[in-house]
Amino acid sequence: DAGVTQSPTHLIKTRGQQVTLRCSPKSGHDTVSWYQQALGQGPQFIFQYYEEEERQRGNFPDRFSGHQFPNYSSELNVNALLLGDSALYLCASSFYPDHSYEQYFGPGTRLTVT
Amino acid sequence: AQSVSQHNHHVILSEAASLELGCNYSYGGTVNLFWYVQYPGQHLQLLLKYFSGDPLVKGIKGFEAEFIKSKFSFNLRKPSVQWSDTAEYFCAVTSEGNQGGKLIFGQGTELSVKP
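Residue numbers (this note's numbering), protein chains in the order written: chain A, 22 to 135; chain B, 3 to 117.
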C-alpha cells in the first residue's frame with residue numbers, strides 16, 4: 022500500500038519564478054492538505070482540497086494556489102517566488118468521512134529560492 | 003486565533019530516563035489533539051491522538067499523553083526513552099467543528115537521547 026508521495030524531492034528556483042509541486046495521496050484517500058514547514062518551525066497549513074475544490078485555506082497570499090484532480094492527486098503552485106518561500110512543503114492526505122481524522126504525511130519537497 | 007505552544011525546543015536525555023514534553027494550546031472550544039513524530043530522514047507520523055473520553059491516551063512505542071482541559075495542556079510522556087526515540091516531536095490541534103481539516107502545529111521539540 023503506497024503512502025503519500027511527493028515530487029520532486031528537492032527544487033531550486035530563482036526569486037520571481039513560479040513553481041509547481043505534486044502530491045499523490047495514500048490509496049483510498051480523497052482529501053489533500055498542504056503545509057509549509059520553515060526551518061526550525063512546525064508545519065503551517067496552506068490549504069485543503071476535497072472533491073476538486075479548496076475546502077479550507079490558511080493565512081497564505083494568493084500567490085499560493087492549488088488544484089486537485091479527479092484521481093485525488095494535487096498540485097501546489099507558487100507564483101512570484103520570494104526568498105521567504107524557501108521551506109519544506111508537506112502534503113498530507115486523509116479520507117474525509119473517516120472519523121479518525123488522521124492525516125498521513127508525505128516526505129515533502131524541499132524548495133530553495135535564491 | 004488558535005495556537006499551540008511547546009515549551010522545550012531541545013531536550014537531551016540519557017537512555018532509560020523519563021520523558022515529558024509540554025504542549026499548551028489556546029482555544030476556547032472543544033478540540034482534538036495530536037502528537038506527531040518526525041524521525042531523522044523520515045516523514046511526519048502520528049504518535050497518538052485525543053478526541054474524547056479517557057483523557058489519558060496511549061500511542062505507539064510506549065508513548066502516552068494526558069489531556070488536562072483546565073490547563074489547556076496535552077503533555078507527552080514516556081517512562082523510559084531509548085536511543086531510537088531521537089526525533090522531533092510536534093503537538094497539533096484542530097477544533098471540534100473542523101475535524102479532518104486544518105491542523106495547527108506547535109514549533110516542535112527536538113529530542114536527543116544519548117546511548
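If you are wondering where the hints come from, they were derived from the structure by calculation, not from laboratory data. Incorrect hints may have been included.
With a Cα cut of at most 30 Å, we get these calculated DSS-like pairs of lysine-lysine [to be verified]:
#, chain 1, residue 1, chain 2, residue 2
1, B, K73, B, K51
2, B, K51, B, K71
3, B, K51, A, K47
4, B, K63, B, K116
5, A, K47, B, K116
6, B, K73, B, K63
7, B, K71, B, K60
8, A, K47, B, K71
9, B, K63, B, K51
So these bits of chain B aren't anywhere near chain A, every CB distance computed over 12 Å [claimed, not checked]:
#, residue
10, G31
11, L48
12, D56
13, K63
14, G64
15, E66
16, I70
17, N77
18, W85
19, D87
Don't be surprised by glycine CBs; every beta carbon is placed ideally from N, CA and C.
We went through each hint and held it up to the structure:
1. Distance hint between K73(B) and K51(B) is fulfilled; the C-alpha atoms sit about 18 Å from each other, no more than 30 Å.
2. For the given pair, K51(B) sits about 15 Å from K71(B) by alpha-carbon distance, which is consistent with the 30 Å threshold.
3. For the given pair, K51(B) sits about 20 Å from K47(A) by alpha-carbon distance, which is consistent with the 30 Å threshold.
4. Using a Cα cut-off of 30 Å, the hinted pair K63(B) and K116(B) holds, with the two alpha carbons roughly 18 Å apart.
5. With a C-alpha separation of about 35 Å, the suggested pairing of K47(A) with K116(B) is violated against the 30 Å cut-off.
6. The hinted pair formed by K73(B) and K63(B) meets the criterion: a straight-line CA distance of about 26 Å does not exceed 30 Å.
7. The suggested pairing of K71(B) with K60(B) holds, with an alpha-carbon distance near 17 Å, which does not exceed 30 Å.
8. For the proposed pair K47(A) and K71(B), the alpha carbon gap of about 33 Å is over 30 Å, so the pair is violated.
9. For the suggested pair K63(B) and K51(B), the alpha carbons sit about 14 Å apart, so the restraint of at most 30 Å is met.
10. Distance check for G31(B) against chain A: the nearest CB is about 16 Å away, which clears 12 Å, and the non-interface claim stands.
11. Look at L48(B): its CB is around 6 Å from the nearest CB on chain A, not clear of 12 Å, so calling it non-interface is violated.
12. D56(B), annotated as away from the interface, keeps every beta carbon of chain A farther than 12 Å; the closest lies near 16 Å.
13. No beta-carbon of chain A is positioned within 12 Å of the beta-carbon of K63(B); the least distance is around 16 Å.
14. No beta-carbon of chain A comes within 12 Å of the beta-carbon of G64(B); the shortest separation is about 20 Å.
15. A cut-off of 12 Å between C-beta atoms confirms that E66(B) is not in contact with chain A; the least separation is 18 Å.
16. The claim that I70(B) is not at the interface with chain A holds, since no C-beta of that chain comes within 12 Å of its own (minimum 21 Å).
17. No Cβ of chain A approaches the Cβ of N77(B) within 12 Å, the least distance being about 17 Å, so the stated non-interface status holds.
18. Against the 12 Å criterion, W85(B) stays outside the reach of chain A, whose nearest CB is about 23 Å from its own CB.
19. Distance check on D87(B): its Cβ is at least 19 Å (rounded) from any Cβ of chain A, clearing the 12 Å threshold; non-interface status holds.
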